[in-house]
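Sequences are here, hints too, so could you generate the full structure?
These are the residues of each chain, in order.
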Amino acid sequence: MKIAVLSGKGGTGKTLVSVNLAAVAKTSTYIDCDVEEPNGYLFFKPDDIQEEEISVKIPRVDDKLCNGCRKCVGLCKFNALAFIKEKLFVFEEVCHSCGGCVLLCPEKALTEKEKKIGKVQKGISGNVKVKTGILNTGEASGVPIIKRLINESKDNNDLTFIDCPPGSACIVMESIKDADYCILVAEPTLFGVHNLKMVYELVKLFNKPFGVVLNKCLEGENPAEKFCLENNITILRRILFEHELGMLNSNAEIAVRESKKYSAIFSSLLETVKREV
Amino acid sequence: MKQLLVLSGKGGTGKTTIASAFIKLSDAKAYADCDVDAPNMHLITGQSSEPKKTDYYGMPKAEINPELCIECDQCRQNCRFDAISVEKTYKADPFACEGCGVCEAVCPVAAVSLKPAVAGELMLYANEGKVFSTAQLRMGSGTSGMLVTEVKKQMKSAAVNTELVIIDGSPGIGCPVIASLSGVDMVLIVAEPSISGISDMERIIKTAAKFGTKIAVCINKFDTNLANTEQIELFCKGQGLPFVGKIPFDSDAVKAINSGQTIVDINCASGTAVKETCSKVMNLLFNEMAG
Numbered sequence: 000m001k002i003a004v005l006s007g008k009g010g011t012g013k014t015l016v017s018v019n020l021a022a023v024a025k026t027s028t029y030i031d032c033d034v035e036e037p038n039g040y041l042f043f044k045p046d047d048i049q050e051e052e053i054s055v056k057i058p059r060v061d062d063k064l065c066n067g068c069r070k071c072v073g074l075c076k077f078n079a080l081a082f083i084k085e086k087l088f089v090f091e092e093v094c095h096s097c098g099g100c101v102l103l104c105p106e107k108a109l110t111e112k113e114k115k116i117g118k119v120q121k122g123i124s125g126n127v128k129v130k131t132g133i134l135n136t137g138e139a140s141g142v143p144i145i146k147r148l149i150n151e152s153k154d155n156n157d158l159t160f161i162d163c164p165p166g167s168a169c170i171v172m173e174s175i176k177d178a179d180y181c182i183l184v185a186e187p188t189l190f191g192v193h194n195l196k197m198v199y200e201l202v203k204l205f206n207k208p209f210g211v212v213l214n215k216c217l218e219g220e221n222p223a224e225k226f227c228l229e230n231n232i233t234i235l236r237r238i239l240f241e242h243e244l245g246m247l248n249s250n251a252e253i254a255v256r257e258s259k260k261y262s263a264i265f266s267s268l269l270e271t272v273k274r275e276v
Numbered sequence: 000m001k002q003l004l005v006l007s008g009k010g011g012t013g014k015t016t017i018a019s020a021f022i023k024l025s026d027a028k029a030y031a032d033c034d035v036d037a038p039n040m041h042l043i044t045g046q047s048s049e050p051k052k053t054d055y056y057g058m059p060k061a062e063i064n065p066e067l068c069i070e071c072d073q074c075r076q077n078c079r080f081d082a083i084s085v086e087k088t089y090k091a092d093p094f095a096c097e098g099c100g101v102c103e104a105v106c107p108v109a110a111v112s113l114k115p116a117v118a119g120e121l122m123l124y125a126n127e128g129k130v131f132s133t134a135q136l137r138m139g140s141g142t143s144g145m146l147v148t149e150v151k152k153q154m155k156s157a158a159v160n161t162e163l164v165i166i167d168g169s170p171g172i173g174c175p176v177i178a179s180l181s182g183v184d185m186v187l188i189v190a191e192p193s194i195s196g197i198s199d200m201e202r203i204i205k206t207a208a209k210f211g212t213k214i215a216v217c218i219n220k221f222d223t224n225l226a227n228t229e230q231i232e233l234f235c236k237g238q239g240l241p242f243v244g245k246i247p248f249d250s251d252a253v254k255a256i257n258s259g260q261t262i263v264d265i266n267c268a269s270g271t272a273v274k275e276t277c278s279k280v281m282n283l284l285f286n287e288m289a290g
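So the protein lines, in turn, are chains A and B. Count the first sequence with numbering that gives the first Met the number 0 and you get residues 0 to 276, in order. Count the second sequence with numbering that gives the first Met the number 0 and you get residues 0 to 290, in order.
One or more hints might be untrue.
Claimed, not checked - On the chain A side, residues computed to face chain B include the following (Cβ under 8 Å):
1) Asn66
2) Gly67
3) Cys68
4) Cys97
5) Ala168
6) Cys169
7) Glu200
8) Ser249
9) Ala251
Claimed, not checked - Sample of chain B residues with no beta-carbon within 12 Å of chain A, all distances over it, derived:
10) Asp34
11) Asn64
12) Thr88
13) Ile177
14) Lys279
15) Leu284
Hint data in this document are derived by calculation from the structure and do not stem from the laboratory. Note that CB positions come from ideal geometry on N, CA and C, so glycine has one too.
Spelled out as structure tokens, the structure:
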């Protein structure tokens with residue numbers, strides 16, 4: 000069973016929810032798809048780390064073979080190739096690795112080389128298998144890393160929690176592709192509810208069953224709760240804004256491993272989620 | 000014209016809260032929300048008129064004409080994005096398709112064509128001598144970096160001869176962030192005193208430094224973890240990065256935001272602290288970093 004945790008807005012508590020659910024389960028896998036800013040491993044501090052570099056394919060020109068026909072330049076929709084002063088240039092940072100230029104070059108002047116964009120790290124933290132995708136700084140897209148993380152777990156039937164990146168763009172879509180259920184984490188602000196609406200539209204678009212966790216609940220008005228009630232959205236749990244939880248979390252400690260109170264709260268959330276799925 | 004960009008790496012540290020306060024305090028005549036994935040600035044900057052809306056076309060998407068298709072499978076085999084599948088007929092998935100055109104190029108019978116596709120919407124507010132540029136990316140779309148560039152272009156075309164531009168960025172370090180970095184004079188990083196926040200701050204600082212942008216750091220909700228706050232201050236000192244202030248956690252800030260106001264519209268502790276941060280940043284931007 001695969002459960003994706005997402006939010007639209009950043010900082011609402013995706014990592015808090017997914018790390019603690021994974022830790023409170025008997026055995027589980029935790030996958031950090033927030034490859035731009037991965038944080039889950041800071042909590043799990045996994046042992047037995049194995050690393051794998053992730054690369055994409057980038058064209059390389061053999062100037063001796065290139066006859067300047069510019070077929071590749073015409074094909075490339077990303078403007079990653081230019082023929083300037085009798086020489087073909089490749090702009091690696093805008094290349095999408097579609098392979099079209101290599102495929103179409105009539106002179107076979109283009110070949111592909113590997114360009115490292117990041118890595119996947121795997122380790123163990125007690126009852127949890129921890130998988131983390133890490134994008135190198137300066138790289139534009141972590142999608143190939145997320146694809147690797149998700150495809151690898153395709154046939155795995157473990158209870159798996161997928162910690163998604165913020166937003167509702169292509170990287171989030173890639174992260175929830177194989178999920179059986181989605182947990183949307185929302186905070187009680189106008190910003191929170193505006194971004195909750197967007198991920199709500201996203202999970203509906205992909206026909207994913209889902210429920211909402213309301214995090215950082217304060218006294219007084221909660222626009223996110225109001226939105227859920229108005230739209231008949233299942234509220235899985237309300238988590239209060241508490242100094243104790245904030246402190247554990249800001250020190251990258253796993254609340255359910257440190258406190259019986261939070262262990263009880265997240266066990267009950269896990270049971271609720273399992274019933275929903 | 001000086002351009003200030005607000006970034007954080009980690010989401011939810013308070014980019015929009017601080018950027019919107021800066022806009023009020025500095026009376027900026029041009030500003031933009033480059034968090035096109037999850038824009039929020041429009042919720043608290045009080046627009047008095049309707050925006051000018053423009054469709055944003057991202058990359059085109061492949062479409063396969065089943066009447067021409069001879070099922071040779073060339074398109075599927077050569078698509079690097081797994082966008083083509085076969086059920087009854089060959090189909091291209093518009094969400095997976097990146098518009099590279101390889102399928103169109105390899106199709107022997109011209110059954111594949113690339114169709115323009117709307118990937119979002121640009122909005123431009125212009126009233127009372129102020130220009131506000133923002134956008135919303137469509138669900139599940141890619142090319143958010145291109146849309147960020149369009150948001151900035153739209154702002155610049157409407158705001159000529161402006162002294163100061165304030166740009167709210169997106170979380171992360173990837174394409175929208177890189178697109179927002181181009182051409183700015185200074186980046187203000189809003190850090191959060193948590194282990195996650197520190198890790199994310201270091202990654203965004205590395206990213207901004209790669210693009211040669213000047214950087215200053217402030218801490219939001221500094222009193223939620225004083226040990227981590229101290230660590231951030233020490234880090235900045237060690238790296239020679241200007242440290243421009245600490246803003247306390249403030250439940251009044253939530254109230255201000257929820258009533259559509261910035262934190263300097265009401266009298267509150269975070270509002271008072273952000274004033275000092277703002278004047279330090281403006282001083283860096285206009286004086287110390289001049290020339």
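A quick look at each hint next to the structure:
For asparagine 66 (chain A), the suggested interface contact is broken, since its CB lies about 19 Å from the closest CB of chain B, more than 8 Å. Against a cut-off of 8 Å between C-beta atoms, the interface hint on glycine 67 (chain A) is violated, since the closest Cβ of chain B lies about 19 Å away. Residue-level restraint check for cysteine 68 (chain A) is violated (minimum Cβ-Cβ distance to chain B is 14 Å; threshold 8 Å). For cysteine 97 (chain A), the interface hint holds, since its Cβ comes within 8 Å of a Cβ in chain B; the closest pair sits about 3 Å apart.
Proximity of alanine 168 (chain A) to chain B holds as hinted, the smallest CB-CB distance being about 5 Å (cut-off 8 Å). A distance limit of 8 Å between C-beta atoms decides the matter here; for cysteine 169 (chain A) the minimum to chain B is near 4 Å, and the interface restraint holds. The beta carbon of glutamate 200 (chain A) comes within 6 Å of a beta carbon in chain B, closer than 8 Å, and the hint placing it at the interface holds. Satisfaction of the interface hint for serine 249 (chain A) is found here, the shortest Cβ-Cβ separation to chain B being roughly 4 Å, below the 8 Å cut-off.
Annotation: interface hint on alanine 251 (chain A) holds; nearest CB of chain B at approximately 3 Å, less than 8 Å. For aspartate 34 (chain B), the shortest C-beta to C-beta distance to chain A comes to about 8 Å, within the 12 Å cut-off, and the non-interface label is violated. Annotated as non-interface, asparagine 64 (chain B) keeps its C-beta farther than 12 Å from every C-beta of chain A; the closest such distance is 20 Å. For threonine 88 (chain B), the non-interface assignment is confirmed: its Cβ lies about 21 Å from the closest Cβ of chain A, beyond the 12 Å cut-off.
Remark: the non-interface label on isoleucine 177 (chain B) conflicts with the geometry, its nearest Cβ contact in chain A lying 6 Å away (cut-off 12 Å). At roughly 24 Å from the closest C-beta of chain A, the C-beta of lysine 279 (chain B) stays outside 12 Å, upholding its exclusion from the interface. The Cβ of leucine 284 (chain B) lies farther than 12 Å from every Cβ of chain A, with a closest approach of about 24 Å, so its non-interface assignment holds.
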